[in-house]
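Here the protein sequences line up with chains A and B, keeping their order. Counted from 1, the first sequence has number 132 at position 132 by this note's numbering; the numbering is strictly sequential. Counted from 1, the second sequence has number 50 at position 50 by this note's numbering; the numbering is strictly sequential.
Incorrect hints may appear among the rest.
For each label pair, taking beta carbons as the anchor points, the in silico distance ranges come out as [as the list claims (entries may be wrong)]:
hint : chain 1 : residue 1 : chain 2 : residue 2 : range
1    : A       : G171      : B       : S36       : 19 to 29 Å
2    : A       : Q215      : B       : V81       : 57 to 67 Å
3    : B       : V81       : A       : T117      : 53 to 63 Å
4    : B       : N59       : A       : D28       : 36 to 46 Å
5    : B       : E32       : A       : G55       : 17 to 27 Å
6    : B       : E44       : A       : R187      : 38 to 48 Å
7    : A       : R187      : B       : E80       : 29 to 39 Å
8    : A       : N124      : B       : E24       : 16 to 26 Å
9    : A       : N160      : B       : T22       : 19 to 29 Å
10   : A       : A114      : B       : A21       : 33 to 43 Å
11   : A       : G206      : B       : E80       : 51 to 61 Å
12   : B       : V81       : A       : E186      : 37 to 47 Å
13   : B       : Q46       : A       : G206      : 41 to 51 Å
14   : A       : D170      : B       : T5        : 24 to 34 Å
The hints are simulated quantities; they were obtained by calculation from the structure and are not laboratory data. Ideal placement from N, C-alpha and C gives every residue a C-beta, glycine not left out.
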Amino acid sequence: MKFAVLVFPGLTCDLDMYHAIEETVKQDVEYVWHTEADRLDQFDAVLLPTGTSYGNYLRPGALAKSSPACKHLQTFAESGKLVLGVGNGFHILVEAGMLPGGFLRNQSLKFRSARETVRVENNNTAFTNDYTQGQMLTLPVANEFGNYYADEQTVKKLKNNNQIVFTYADGNIDGSTEAIAGITNERGNVLGMMPLPERAVEAIIGGTDGTALFQSIMNNRGEQHVN
Amino acid sequence: MTKVTIYVTLRESVVDPQGIATTEALQKMGYEEVKSVRVGKMIELQLDGSEQTIEARVNEMCNDLLINKVIEDYRFEIGEVASK
């Protein structure tokens, strides 16, 4: 399986994501700079790392839309292949219209770097099948705009389609709607999440609860996963 | 050349953490008459085009990039750029 780490200007954790693939599933992984995104079709999964794309100017993730990479990413996702966006990568997926909702500044008005208890709300996805339903994970977060917002109608839709994949289980400090920490698109092949699984793949950096996420992707090889 | 000023505010249904913090700060300073503050932003464009096309184009720009309609509302004013 071939993984691409898609890098926009200002994303800083591309190395972490690359390392996570090497450390967990030991597959081919390559950096793809956003201006080269026309070759995404050579890959099986695209990983969008966190950071501060385009300085988070205008709104976090918004200016990434000015790169043709977003169009290529949309085409890639429409083909049914897997896309994972974490942190600012989640912001980009929302701003590109690939996932519903929006992001607000954290309720605390602080940049928060911490570990959160995250509950697996749906283990029947291409990204979570190696977890058990309801499993509690400890995952790092590091963001200023982790406050996910969705209106009532969107939340209803997310619930009906089982698109809520992760929630914060021990308080909801950033203030996310319904304590949402991660969602998929309707088809289930695009996942956005604020907690950072790529920073939890080795005991030496404080935990391994992110490992099973990358393993889940491998378990699904060649399958179509629709919720 | 025309100047367009776009005012961006969070939608009424969206909790504004900056606004809440600012409300509390003002009240602590003795401005007890302040019941609520909403913090938004202003975007200023200078552009070419006739008045009819500008309105449609600016709406398009707002929808395409400048606004996230899930969380934000906007309105704009069209004016002339003063010649120097």
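Hint check:
Between G171(A) and S36(B) the beta carbon distance is about 26 Å. The supplied range of 19 to 29 Å therefore holds. For Q215(A) paired with V81(B), a C-beta distance near 58 Å keeps the hint of 57 to 67 Å intact. Separation of V81(B) from T117(A) is about 54 Å and conforms to the stated range, judged on CB atoms against 53 to 63 Å. In this structure the supplied range 36 to 46 Å holds for N59(B) paired with D28(A), their Cβ-Cβ distance being about 45 Å.
Restraint check, E32(B) to G55(A): a C-beta distance of roughly 38 Å breaks the suggested window 17 to 27 Å. Our hint of 38 to 48 Å for E44(B) and R187(A) holds, since their Cβ atoms are close to 40 Å apart. The supplied range of 29 to 39 Å is broken by R187(A) and E80(B), whose beta-carbon atoms lie about 49 Å from each other. Checked against the hint of 16 to 26 Å, the C-beta distance between N124(A) and E24(B) comes to roughly 44 Å, which is inconsistent with it.
At roughly 37 Å, the beta-carbon separation of N160(A) and T22(B) lies outside the given 19 to 29 Å, and the hint is violated. Separated by about 20 Å at the C-beta atoms, A114(A) and A21(B) break the suggested range of 33 to 43 Å. Between G206(A) and E80(B) the Cβ separation comes to about 59 Å, which falls inside the hinted range of 51 to 61 Å. Between V81(B) and E186(A) the Cβ separation comes to about 45 Å, which falls inside the hinted range of 37 to 47 Å.
Separated by about 50 Å at the C-beta atoms, Q46(B) and G206(A) satisfy the suggested range of 41 to 51 Å. The hinted window of 24 to 34 Å between D170(A) and T5(B) is violated, with their beta carbons roughly 44 Å apart.
In this structure, the hints that do not hold are numbers 5, 7, 8, 9, 10, 14, in rising order.
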